[in-house]
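Asks: Make the full structure from the sequences, and use the hints.
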Amino acid sequence: MVTKLNEIKKLSPEERIEKLKKIEEENKKEINEAEKIIKDSIREINVKEKIRDLPIPQIKAVDIESLFSPEEKEVFAVKRYKDLVVRHAEEEKAEIPLEETVKQEEPRATKEELAAHIKYQVLANELRREPTENVVQELENIYHQVIEGTGVTGDQMTMAYAANVVARERQQEIERGTYGRLDEQVSNQLDIARQIFKSIQDKYKLR
Numbered sequence: 001m002v003t004k005l006n007e008i009k010k011l012s013p014e015e016r017i018e019k020l021k022k023i024e025e026e027n028k029k030e031i032n033e034a035e036k037i038i039k040d041s042i043r044e045i046n047v048k049e050k051i052r053d054l055p056i057p058q059i060k061a062v063d064i065e066s067l068f069s070p071e072e073k074e075v076f077a078v079k080r081y082k083d084l085v086v087r088h089a090e091e092e093k094a095e096i097p098l099e100e101t102v103k104q105e106e107p108r109a110t111k112e113e114l115a116a117h118i119k120y121q122v123l124a125n126e127l128r129r130e131p132t133e134n135v136v137q138e139l140e141n142i143y144h145q146v147i148e149g150t151g152v153t154g155d156q157m158t159m160a161y162a163a164n165v166v167a168r169e170r171q172q173e174i175e176r177g178t179y180g181r182l183d184e185q186v187s188n189q190l191d192i193a194r195q196i197f198k199s200i201q202d203k204y205k206l207r
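First residue of the sequence shown: 1, per the working numbering; consecutive thereafter.
Keep in mind the hints are simulated off the structure, nothing from the lab.
Since the structure is predicted, the reported quantities are computational estimates derived from the model, not experimental observations.
In this text, a Cβ means the ideal position worked out from N, Cα and C, and glycines have one as well.
Treat each hint with caution, since some may be false.
Now the in silico label distances, taken between C-beta atoms and shown as ranges [claimed, not checked]:
no., residue 1, residue 2, range
1, T150, I37, 15 to 21 angstroms
2, K9, D202, 54 to 60 angstroms
3, Q195, E35, 26 to 32 angstroms
4, E33, L11, 24 to 30 angstroms
5, I38, Q201, 26 to 32 angstroms
6, K28, G151, 26 to 32 angstroms
7, E112, P13, 55 to 61 angstroms
8, D191, L11, 48 to 54 angstroms
9, E30, N141, 16 to 22 angstroms
10, L11, N134, 35 to 41 angstroms
Derived pair list, reagent style DSS-like, types lysine-lysine, alpha-carbon separation capped at 30 angstroms [unchecked claim]:
no., residue 1, residue 2
11, K10, K29
12, K4, K29
13, K28, K10
14, K10, K21
15, K9, K21
16, K39, K203
17, K4, K19
18, K9, K22
19, K21, K4
20, K19, K9
21, K22, K39
22, K9, K29
23, K29, K19
24, K21, K36
25, K39, K29
26, K22, K36
27, K39, K198
28, K4, K22
29, K28, K9
30, K203, K36
Replies: What follows is the structure in structure tokens.
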């Protein structure tokens, strides 16, 4: 960096300003990326700590129907369906008795699903502290990846469901008259959030 600055000093005033502005923009971008990495890392640490504190017997025996909210069940619905299709095919080959098959298919939360459940709660709680425009921005970022064809990760889909449920909660608060800030802009932002989430749902054919 010192060498680069020494080289810049040799330039004309106009060129120095141009170079320094470019460096400033690059530094801002790096700082923003670093802040995002820090935020994501803290979020991952929180999830890992909560999972680590869960007793192993509890992880094995939790009933998924009582654990997850409707939105969270939607997050796992597609994956669980695909897993069952694969398992059915394997069981047909192995000729596993029907009673044993039914018992195996009792909905139990896996450790992976518990981790996603906790991550969903962490994300939703974080978004509840954010202004509505930030909630919409999270959905827009995910939607851009969808339309660009790059696909979305499981974590991003969890974020989409968390953002949608927070937007829905705020809409309900507005309807009850308990939302702190009530104006046309917020209402429009919530409409946009619902439309974006529906587009993501339609793309991946989720419920």
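Asks: For each hint, tell me whether it holds in the structure or not.
Replies: Here is how each hint holds up against the structure:
no. : hint                            : verdict
1   : T150 to I37: 15 to 21 angstroms : holds, 19 angstroms
2   : K9 to D202: 54 to 60 angstroms  : holds, 56 angstroms
3   : Q195 to E35: 26 to 32 angstroms : holds, 29 angstroms
4   : E33 to L11: 24 to 30 angstroms  : holds, 28 angstroms
5   : I38 to Q201: 26 to 32 angstroms : holds, 31 angstroms
6   : K28 to G151: 26 to 32 angstroms : holds, 29 angstroms
7   : E112 to P13: 55 to 61 angstroms : holds, 59 angstroms
8   : D191 to L11: 48 to 54 angstroms : holds, 51 angstroms
9   : E30 to N141: 16 to 22 angstroms : holds, 19 angstroms
10  : L11 to N134: 35 to 41 angstroms : holds, 40 angstroms
11  : K10 to K29                      : holds, 26 angstroms
12  : K4 to K29                       : holds, 19 angstroms
13  : K28 to K10                      : holds, 24 angstroms
14  : K10 to K21                      : holds, 16 angstroms
15  : K9 to K21                       : holds, 14 angstroms
16  : K39 to K203                     : holds, 28 angstroms
17  : K4 to K19                       : holds, 10 angstroms
18  : K9 to K22                       : holds, 15 angstroms
19  : K21 to K4                       : holds, 13 angstroms
20  : K19 to K9                       : holds, 10 angstroms
21  : K22 to K39                      : holds, 26 angstroms
22  : K9 to K29                       : holds, 24 angstroms
23  : K29 to K19                      : holds, 16 angstroms
24  : K21 to K36                      : holds, 23 angstroms
25  : K39 to K29                      : holds, 15 angstroms
26  : K22 to K36                      : holds, 21 angstroms
27  : K39 to K198                     : holds, 27 angstroms
28  : K4 to K22                       : holds, 12 angstroms
29  : K28 to K9                       : holds, 22 angstroms
30  : K203 to K36                     : holds, 27 angstroms
Violated hints for the displayed structure: none, as all numbered hints are satisfied.
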